[in-house]
Amino acid sequence: MKIHSFNFNCSKNRLKDIRCFVDQALQSYSFTDIEKHKMVLAVDEICANLIIHSHECNPAQNVRLEIKENGNDGIIFEITDKGKTFNVKNYREPKINEIVKAGKKGGVGLLLVKRIMDNVEWSTENDRNICRLYKKIG
Amino acid sequence: MVNINSKVDQEDICILEISGEIDASSSIHLDNAMKKAVSEGFKKIIVDCDQLEYISSAGLGVFMSYIQEFKNLKISLVLSGLNENVFSVFEILGLDQLLVLEDTVEKAKKKVNENP
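Respectively, the protein sequence lines represent chains A and B.
The opening residue of the first sequence carries number 1 in our numbering; numbering runs sequentially from there.
The opening residue of the second sequence carries number 1 in our numbering; numbering runs sequentially from there.
I should point out that these hints are in silico values taken from the structure, not numbers from a laboratory.
Among these hints, one or two may not hold up.
[What the hints assert, rightly or not] Here are the simulated EDC-like cross-link-like pairs (lysine to aspartate or glutamate), alpha carbons at most 20 Å apart as the crow flies:
hint : chain 1 : residue 1 : chain 2 : residue 2
1    : A       : 68        : A       : 125
2    : A       : 101       : B       : 96
3    : A       : 36        : B       : 21
[What the hints assert, rightly or not] Residues from chain A shown here face chain B by an in silico Cβ test under 7 Å; the list is partial:
hint : residue
4    : 83
5    : 88
6    : 99
7    : 100
[Claimed, not checked] If you want the footprint, here are the derived chain B segments under chain A, 3+ residues with CB under 8 Å:
hint : stretch
8    : 38–44
9    : 50–57
10   : 60–73
Backbone N, C-alpha and C define an ideal beta-carbon position, used for all residues, glycine too.
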């Protein structure tokens, strides 16, 4: 099984590097350009959330990103960190018209991720937070 | 990294030319450019996205945050020249229906002159 891995420190300036890494790793798979672009975006959103909310942009802290094949079924993006745990139970899917009405600037990143990926999972294993994004090929 | 150039055309339309990528690290520049256009009193704003290669939720959030304010202030906003990838991101959340998007700056100029 092919695994692409990338470690990055928690600075927003690393988002460009993360996108380049994902884009490069996806080159060998038969996704369309738009699908690849959306997957790059989904990983960027998760990583940006971790950097900003779980690690408060502390460049001394690190996150690991792995891209793995999921049998013949597709690929898994696995993002592992030891920051503040995201509690998915507290997440309420936002309504776009309410965000617009309130003039809010944030809050749609995770909604994008959920609409792009086939499945999104969060778990805590051995003191590490793991977010897995699943995408089927074809 | 994003670059934003601001210019004013003869019909008093503020045109913001964006190039590069808007993500969580650079969306503040888009927000500042939009704020400046509002504070300078423009009622017609075109955001030329022809050279925009990438936008994340941070950038979408900036546009979303002005929709209601612009409606209240009767400011007309049109985005132009989104490439296929960037357009697809607006489409995911249905923002292609909430914002006015045109293919070219010329078409955007016609549109921005209609009532907001």
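Practice problem: May I ask which of the numbered hints given earlier this structure violates, with the numbers listed in increasing order? | Solution: 4, 5 and 8
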